[in-house]
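Chain order of the listed sequences is A and B. Using the working numbering, the letters of the first sequence correspond one by one to residues 734 to 1192. Using the working numbering, the letters of the second sequence correspond one by one to residues 97 to 546.
Hints listed in this document are in silico derivations from the structure and should not be mistaken for laboratory results. Quick caveat, the model's predicted, so the values are computed rather than measured. Ideal Cβ placement from N, Cα and C applies to all residues, glycine included. Some hints could be false.
Claimed, not checked - To give a feel for the contact side, a few chain B residues facing chain A, derived at Cβ under 7 Å:
| hint | residue |
| --- | --- |
| 1 | 131 |
| 2 | 134 |
| 3 | 137 |
| 4 | 140 |
| 5 | 202 |
| 6 | 203 |
| 7 | 204 |
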Amino acid sequence: MADLSTTFAGIKSPNPFWLASAPPTDKAYNVVRAYKEGWGGVVWKTLGEDGPPVVNVSGPRYGAIHSQDRRVYGFNNIELITDRPLAVNLQEIKQVKRDWPDRALVVSLMVPCTEESWKAILPVVEETGCDGIELNFGCPHGMSERGMGSAVGQVPEYVEMVTRWCKQHSRMPVIVKLTPNVSDIRKPAEAAMRGGADAVSLINTINSLMGVDIDTMMPLPSTGGYATHGGYCGAAVKPISLNMVSEIARTPATRNLSISGIGGIETWRDAVEYIALGAGNVQVCTAAMVYGFRVVKEMITGLSDYMDAKCYRSIEDMRGLAVPKMTDWQYLNLDYVAKAKINQDLCIQCGRCHISCEDTSHQAISSEKDGVRHFEVREEDCVGCNLCVLVCPVENCITLESKPEGSIDIRTGYEVKGHRTWLEHPNNPGATNPKPPAGKYVGAQHVEKHADFCSEPAE
Amino acid sequence: MSASSDIASGRLPAATLAENFADIHAPLDRFEARVAAERCLFCYDAPCVKACPTTIDIPLFIRQIASGNPVGSAKTILDQNIMGGMCARVCPTETLCEEACVRNAAEGNPVEIGRLQRFATDTLMQSGKQVFHRAPPTGKSIAVVGGGPAGLACAHRLAKLGHDVTLFEASEKLGGLNEFGIAAYKSTDDFAAREVAFILSIGGIKVETGKRLGRDIALSHLMADYDAVFLGMGLGGTNTLDLGEEPAGVIDAVEYIAQLRQSTDLASLPVGRRVVVIGGGMTAIDIASQIKRLGAEEVTIVYRRGQDRMNASTYEQHLAQTDGVLIRTWGKPVRLHGVGGHLTSVEIEHTREVDGKLVGTGETYTLPCDQLFKAIGQTLLADELEASGIAIKGGRIVVDVNRQTSLAGVWAGGDCVAGGDDLTVSAVADGRDAAMAIHASLKAAASAVA
Ligand SMILES: Cc1cc2nc3c(=O)[nH]c(=O)nc-3n(C[C@H](O)[C@H](O)[C@H](O)COP(=O)(O)OP(=O)(O)OC[C@H]3O[C@@H](n4cnc5c(N)ncnc54)[C@H](O)[C@@H]3O)c2cc1C
Ligand SMILES: Cc1cc2nc3c(=O)[nH]c(=O)nc-3n(C[C@H](O)[C@H](O)[C@H](O)COP(=O)(O)O)c2cc1C
Ligand code: SF4
Ligand code: SF4
Ligand code: SF4
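Isolated chain B, as found in the complex (with noise of 0.2 Å):
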């Protein structure tokens, strides 16, 4: 390592990074759970249902908890969001359901609608019990490409109408981002892998792992084999800064956080003492707050627009500085500089907007730094796709509301496709909704036949 760039793993002890990285929103206990509870107003044609895009039925899960029947409320959650679990503790409710919620007009503080749903799902992950039955077999087989949010919903309502799902999954390992991706202090004592168990075990879904659609399997001869197909693979690649040649401690953060987030020892994690990241959605917040966590000293955001033209909610933008990350907006990575092949700074230069477009002042600063982050967004590894010429519009895959894809018999959702908004529940919605229409087209075409 140069002199001049200080990366360093073990900057805190052992004890302060499990302090760090351990549960953000302590569970609700039953007592609080029931208080919680009772502040909903169990209100008509609820708004906060209408704000979650998995359409759970709220204020039926929380009487449900207020009447001592969590498990009752787990089902109702589930029912809707087979990811309820995941998605109590990683949905950025302030921009959905809590936003929605009418307490807000009222006292400025909403029903906490996501640590009401953790606590239901909670207890129902406790007791061990099997909630959903198949359907009789339909006969029929399907499969999904992805084992993350989407593929998982989609595969989960498929074997609950009875039909069959083989799951074709790239890595080792099943969750997609919920395992590699969400910030380790949302999803803590591995719960992402404890609820693809609990998802699978509803029987019917056969894993392939280590099965990547375009090398080790093929779209036409899943087209061929399976009665319908759904693509839920993400975004596999990243956008680069085009800055030429990157020199040491250029990171991307996407992976950075994937080796946290399977990490046995944070301590082991190199980190640098002055952090930039470059970006303005979840992923920017979440690398500065979890190397600010890890121990780097100065970790600075730099976003090329307006804080409030920020993906991440203001929630989220607020966490990251209450843990003294520091946001500054309005600036773009124009140089990289660095000493024997490692980074040591990096010039930024100032930008305004003309007339909508984004053009960079010609002043700039520098930012010390020995590490930065690139997080300015994913990209569909469309190689694997464009031989099959399904149709692709800005770099995702074209889907009807019925998350049907230009192609017959193939449905996709999740982050893969056009139109979305990048979440978690939003995945879960479409895996269900594709299940739901390709359980319809087959029933449609088995009666057609008969």
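The shape of chain A in the complex, shown without the other chains (with noise of 0.2 Å):
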């Protein structure tokens, strides 16, 4: 059987769930009862300075986008953090890792950007005996406002400058929560490696509206009267995470930077994916927010099961596998061709890839055959877009066929070898050493409908 169990940031937990910071580990009963279920770790939910607590709204905090029968695709918050006294949390934080040594019990804090806040609160948490801490420059509503949260994260001197208190001032693993309101990720990552964190976490919540009440005009989630924006997080979110977790894993300057996937996790494939782009484990809010806390056993059990049929040992085993995959776009093969192809006896014929492709795109799905009802990619047209693999509604009924080397791209003209790059091809005005396409020419079918496509010189 796999080996599940991880250490991140030096910290050990059994497997790579972690609950992220949020409600589900607000206070001892949540985490007791996740550990229960199996959780591998939590990081607590976020603690402020000590005084006055912060005070929540008691309206509506979240909202939520559905699919039509109901299952929540988006979700958001305008929830702070915890508003329950800082003394109380650190004591239960206390009695929890007493009473649960092999979980990870990881401290999320927020205090004011000084280094007399740091200092204040960093002893106090040390002294629970907690796995390391969690700095939350992520939070994008309310506590940013006050100069906190992703206020902080957006600034990546401020990243690097608490970092290093942080490392100073306690000897406890640094991980830093990142915010993906930013134009370019690097830059706060690279940033915490400099302050000398031990691993980032990403991704905090994305600014957002989740919508209007178009009877009311009333923007959502409000509460009391007025609305205001909120965190966005949930299955949606996913892709923008694993870009920017994928980012940081391929840059040379983060690369060795221990990562911590979160946004949009809600099965074991989800994980593998992060765990595949860099991530040493992984942190879930929403779908335990929607399904409780028992969805960690699907995770567990689901990777497990997974990393036994691909002979994988270990998490470490299959990390960043798909890392080397990604590159920038000026590095993909133009000379690559692939054209759609339909599987006839799986089509059931309603037409969507041909009316897609014939409003939108390249015109290339035909929609009848000796008069009959059919749908066929003339190879002729067909720029290999994948739009059609995306609208067909039966799984693995289009599928996009590489064209082998030396067959001929009827729609170009072109025979199919070699590999040039937007670098190298001669449509680029500043490519340094242009290459003339590998194949010959043998003349396109097409040549005058697609002239804007194939504007090689014909030999």
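Relying on the hints, combine the two individually framed chains into one complex.
Encoded structure:
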């Protein structure tokens, strides 16, 4: 059986599934229930400085995007950090860690951006015996108006400075939680590294407004007659987070940084994808809030069965395997050719591939043959864009087949051969070393129609 | 009543009757409708649309439901089929739109088009909104004969186009078989009458009930007094068994169903203990199911060919069989036995097909029964038309693609014309198309004069 245990930022955990800092980890009651269900670790709901706790709204603080059958696809919140007294949290953390020594317990922190504030909180947290701290530089609502959360995370210099204070004033591992509300995620990640962070975790939530009630003209969620932007999470945000994780994992400056992947993880499959892109473990919030803690059972068994089937003995065995396959657009092979192909046995004749391609793409799918309804790709028009594959309601009914070396792409009239990127393409005025196509030209069937696509000089 | 025949009313308690005759397909609620709508793939050139005799834009109306616009959805439906509400209840969707749905090929389970159509049309009717408006008056007046689906659809479309319509109906109530024929559990809560009221609410349709063509009015007068005539009188007569004198207990199924549909107390209807139904169409299935639901103990349908040849859809057959109806095939009645003038049994001869012709084998068996329902087809009451010289073939009025008869200025549609498939939805399509043809012809005539 595969070994699911991880050591992340020096913190041991029986499995890579942690609960992200959020309501599911707000108090001992929840955390103990989570551990009982099998969660490997938790990041305790963010603590603030000592004094009167923050006050949350008591109207709706969550919003959601639903599918027609009311599955939650996207989730948002305008909640602040913990609204319970610091002393109560610290005492519970201490007790829980003592009772559950084999589980990871990391404490999330957010205090004002002054060295004294951090110096004050770090020792009392360390005293609980927790495994490490996570710096909440991500919360995009409420706290950011007070100069904390994403207000810090958006300024790399602050990220570096606070991280450094934490490393200076405590011996605990430091995980820096990044905000996605930036234009280049690599900058704060590099700053965290410079500050001495042991790891980064991402993403926190994305600035969002869930909708407008068009009967009352009220933006949603609203509370007491007004609405404010909140943080977006849940399944819908996964692609955004995956990209950011991969950016950090493939950039030379940050490639050795440990990453805790967060955002839209609902099943073991999502977790594998994060791990493949370099994450050492994952954190979950929305899926637990929507379905309860027992989802972790599906995650653990799914991951274990998958690893057994693929012969990965440990998380490290598969970590980062997809990273080398990420590159910049300019390095993609422009001489590669794929064509859509419809499996007529699977086709249910809905016609969606045809109408999508006809109305919005390349007019490459016919809708009848010998006077009867029939959908077929015309290779001479197909650019391999994948639209039909995506709109087809039948899985694997349309596939994109790569054209083998030496065959002819009848759309362009060129033999499929070679490997040219944009940097070597003759159409690129900035190409330093343009290469002519490697394959020979045999004549396109639709040259006039597609003059815009095949501006290669005819030989 | 003779000792040997057992006919009684009130065989079942009122609560059981109410349950047995409740809405057979409970309506979808808003949430169920959204989920059901989500299954529609919004097909290109959708096969379901082609399979609908009134070519409703099904993907569009379903998408309108999914996006929370059921009234717009109803408008899409009613634009093509003014009886979209009744059709949602009575169409054999399993052989029409839903049979063509591509979801069958995907997972053997079509989109619930009929129930979605009902959701949209019910929502509109409950809102009490009028979504149709009449075009400016054309000054033309048209006589429509028959207030069934064909006549009402024709009248509505003509009124909408700005013509004045006079609707002549033989009985005292409009609706035709929607009101008198459709199985009671398909059209509950007086839906047929509510739909008629909705259709008439557009205005411009003058209703003359109790006026029968051939008795109270003559076709020649209508042709003289109106700019055009539409005939939608359905099939008023029924076929006979030709077994000589029929003892009491031999009943015309259509007549009995009409009585059932108009009854305010189902417990008052006479119901045999053992019942035989002769026929294989919708009427046979419907009377068998309904008499079973009224409390008959044994109900047997006897059909002269194989079950696959029955006109009623497989789905309808299964429904009857689930009700406990026995379907016996390859047999025809040859003798009725009675005691004291009351039916006691029927003798059935086995049949088989020889070179496409049905023949009796000579072997017979006897089914004891207290009631026997004839459901062997309806006929056009042609004497009222014959004098006019209108072309009739196979007992039905001959029409061209525009539903025009052999007489200039006279159109026809619904069950009374040849070549149809005797469905509510087809009658509606006929009425609508005839109205469009009448409109085009009146317009052409007007511009020729101008
Ligand atoms: C028992 C039964 C069950 C059925 N079940 C279904 C079903 O589930 N689904 C389905 O799609 N179809 C069903 N049908 C068929 C459907 O009801 C008919 O196809 C449809 O009603 C035909 O419409 P129509 O307007 O042509 O005729 P009708 O509905 O018969 O209407 C004709 C109207 O004309 C009037 N009329 C007749 N003669 C004259 C005259 N001389 N002058 C003035 N008025 C006249 C009649 O009183 C009647 O109101 C069923 C039919 C029967 C008999
Ligand atoms: C209601 C709610 C409250 C949250 N509170 C915090 C918080 O206090 N500290 C924090 O670092 N992140 C907080 N988050 C962000 C989550 O920890 C997590 O980063 C984000 O929800 C993405 O993961 P998910 O898609 O699995 O939910 C909160 C999220 C939600 C939904
Ligand atoms: S989830 Fe619980 S706390 Fe929240 S609104 Fe519902 S009942 Fe109240
Ligand atoms: S989208 Fe798929 S199922 Fe639909 S017609 Fe195209 S290939 Fe067939
Ligand atoms: S065939 Fe089925 S899936 Fe396609 S449009 Fe019609 S109802 Fe929708």
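Here is how each hint holds up against the structure:
1. 131: 5 Å, holds
2. 134: 4 Å, holds
3. 137: 5 Å, holds
4. 140: 3 Å, holds
5. 202: Where the cut-off is 7 Å and the nearest Cβ of chain A is about 5 Å from residue 202 of chain B, the hint holds.
6. 203: Violated - the Cβ of residue 203 of chain B stays beyond 7 Å from chain A, reaching only about 9 Å at its closest.
7. 204: Result: violated, 11 Å to nearest chain A Cβ.
In this structure, the hints that do not hold are numbers 6, 7, in rising order.
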